[in-house]
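S.K.: Can you make the complete structure from the sequences, with help from the hints?
Line by line, the protein sequences are chains U and H.
Under the numbering used here, residues 1 to 394 are what the first sequence spells out, in order.
Under the numbering used here, residues 1 to 211 are what the second sequence spells out, in order.
Treat the hints with care, since some could be wrong.
Using 25 Å as the maximum straight-line C-alpha spacing, the simulated PhoX-like pairs for lysine-lysine come out as follows [unchecked claim]:
1) K11(H) with K91(H)
2) K174(H) with K203(U)
3) K151(U) with K3(H)
4) K212(U) with K91(H)
5) K119(U) with K120(H)
6) K119(U) with K54(H)
7) K169(U) with K56(U)
FYI, nobody ran anything at the bench for these hints, they're computed from the structure.
Computed from a predicted model, the values in this text were never measured in an experiment.
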Amino acid sequence: MVKRLMFEKPLGMRDTLPFFYNQKSKARRQLSEAILSYGYSFMDTPLMEYHDTVGKVSATLDQQLFKLLDQQGHTLVLRPDMTAPIARVAASQLKNGEFPLRLAYDGPVFRAQQAEGGKPAQFEQVGTELIGDHSSYGDAEVIALLVDSLKQTGLDNFVITVGHIGYVKAFFSDLLGDDEDTMETLLHYLYRKNYVGFRECVKSLSISEEKKQALLELLSLRGGEEIFEASRSLARNQSCMQAVNELKQLYRLLKVNGVEDYIQFDLNLISHMEYYTGILFEGYAPNLGALLCNGGRYDTLLPSFELNASATGFAVHLERLVEALNDLEDQDERIGIIVDDDSYAKGKRKADQYRKEGHAVLLQHVDQIPDLPAFYAQLANTIDLTQVGGGQDE
Amino acid sequence: MNKRLTIAMPKGRIYEEAAELMKRAGYDLGADLEESRKLILEFPEQNIRVMMAKPMDVVTYVEYGAADLGIAGKDVLLEQDRDVYEVLDLKISPCYVAVAGVPDQPLSRIAPKIATKYPKVASDYFREQGEQIEIIPLNGSIELAPLIGLADRIVDIVSTGRTLKENGLVEYEKIADITSRLIVNPVSYRLKSEEIEHMVTNLSDVMEGIK
Chain U
1 MVKRLMFEKP
11 LGMRDTLPFF
21 YNQKSKARRQ
31 LSEAILSYGY
41 SFMDTPLMEY
51 HDTVGKVSAT
61 LDQQLFKLLD
71 QQGHTLVLRP
81 DMTAPIARVA
91 ASQLKNGEFP
101 LRLAYDGPVF
111 RAQQAEGGKP
121 AQFEQVGTEL
131 IGDHSSYGDA
141 EVIALLVDSL
151 KQTGLDNFVI
161 TVGHIGYVKA
171 FFSDLLGDDE
181 DTMETLLHYL
191 YRKNYVGFRE
201 CVKSLSISEE
211 KKQALLELLS
221 LRGGEEIFEA
231 SRSLARNQSC
241 MQAVNELKQL
251 YRLLKVNGVE
261 DYIQFDLNLI
271 SHMEYYTGIL
281 FEGYAPNLGA
291 LLCNGGRYDT
301 LLPSFELNAS
311 ATGFAVHLER
321 LVEALNDLED
331 QDERIGIIVD
341 DDSYAKGKRK
351 ADQYRKEGHA
361 VLLQHVDQIP
371 DLPAFYAQLA
381 NTIDLTQVGG
391 GQDE
Chain H
1 MNKRLTIAMP
11 KGRIYEEAAE
21 LMKRAGYDLG
31 ADLEESRKLI
41 LEFPEQNIRV
51 MMAKPMDVVT
61 YVEYGAADLG
71 IAGKDVLLEQ
81 DRDVYEVLDL
91 KISPCYVAVA
101 GVPDQPLSRI
111 APKIATKYPK
121 VASDYFREQG
131 EQIEIIPLNG
141 SIELAPLIGL
151 ADRIVDIVST
161 GRTLKENGLV
171 EYEKIADITS
181 RLIVNPVSYR
191 LKSEEIEHMV
201 TNLSDVMEGI
211 K
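M.R.: As structure tokens, this is what we get:
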């Protein structure tokens, strides 16, 4: 074992220094304002949960869970997302509440990462869950709220890509019958974003050329509303048609909400192998190498907590949002009052006066400032009471 | 306004073939790019920027978004398991990953040792075969390992098979075919979709002999 040096932290853990903390608070506040304005209520759950309940049903891979043991030997997990804990609460304490439930959260989640830079193991998610509304109106509300809350933070050039897992699955079962292994393989290629592997796998199948062509056509089903026609002509069974109709209806509602400019469709989008059951989406912003936010409809999570309800929601990766906003302006609006022994009382009165007006004021004895020019430089405004008339009151 | 694309190109063996392919697709990177020591080159008239990276690192640059696209070997993609779109098989520098060793030597029954540059590919393969092995990571001249008794087998890239032959080794099993792939960063794939689609179409036309 290497002896740890004083400044080291566990892999993937980061400190939030004041400048970044301020930016995060600001972005969090702006997101929350938008979320509250849609009538959602914020709540929180514990950082630790049982592996048997929340850990097992969460969308996070088991090897990414932080696990620990309690005194009785039960396996606990640090919550890897907020959706599963909220589902637990919705299915227990809130099950007699007013449905549809509109719940929101902001808090840290934990996912163990591989030994590599740039991927934090603890990060903050701000998100919503709409539980008990299985309509397109619900899907549209969640996406519109996501767009509105991102806009509220000042972000503008982002894109939300919307897919539909129901379409993909129905499409595969139409063309492949009950060959579930092949379906699973093809889904996995899409999930891994491996279109080369997908094409090779399709070419190697023993099905008609026409069917192969149709499977390959799936890869081109991305873009704007024009893909509805194409996906409709590719789809042949009832479930496919239903999925296309849901997408069309969703798009119509998103237009009513005025957020259609931020929306792209991609029927190859598979964010997770099992979790989502209908509409799903991911959001991207420039200057970020990775996902900004994601979400979708999940119908099997609540039943695993014995509540028969459909739900949909989104989660924004707060640190990545701050990175995307790239708001480097350090608006330090603090006022500094520099005093000496004689002017301390006067300084205190002045400080209180400013504080009452809502300013952040720091009162600092001059003897303790090692570098006066640097001290001045960090503050918006400084009042030096050490020179002008000392302790005399005005 | 078209968004500029940053492409990570592999230095070394694959570069010439990759550059030739790019040229046929309408992206002329010039002749002496590889001789130059510059690592970043701008081609404003084609609205692209080219980064020269080690082949093993191309995938990393693309995953983190430092480059929008890249040309990377399937061997690296298999080994590193990264979150990038694999959009096109460029069919250049074909070779394959194989298991090789000294002829007629059965795998040791207690903890067989496998020397390789590809620890993940090797352990995944042997696991699928129901074999628990120990990996000995090496960086080059892998063929040495079985000859001097460091390992029972090696897992390595084979293109002509000459190196194996000249060292008296034989190939036991083929693991996977390898060619270079066009890979895309997941965010660029969405935010620069038009520009990327354009380049993918140009390249795939070349692949299908249209251009």
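S.K.: Next step is simple, just say for each hint if it's right about the structure.
M.R.: Okay, the hints, checked on the actual structure:
1. Proposed proximity of K11(H) and K91(H) is supported: the alpha carbons are some 17 Å apart, at most 25 Å.
2. Proximity of K174(H) to K203(U) is assessed by CA-CA distance (about 21 Å); at most 25 Å being required, the pair is judged to hold.
3. For the hint pairing K151(U) with K3(H), the CA-to-CA distance comes to about 22 Å; that is within 25 Å, so the pair holds.
4. The hinted pair formed by K212(U) and K91(H) meets the criterion: a straight-line CA distance of about 21 Å does not exceed 25 Å.
5. Simply put, K119(U) and K120(H) have alpha-carbon atoms about 21 Å apart, close enough for the 25 Å limit, and the pair holds.
6. Pair hint K119(U) plus K54(H) holds up; C-alpha atoms about 22 Å apart against a cutoff of 25 Å.
7. Of the supplied pair hints, the one linking K169(U) and K56(U) holds, its CA atoms being roughly 24 Å apart against a limit of 25 Å.
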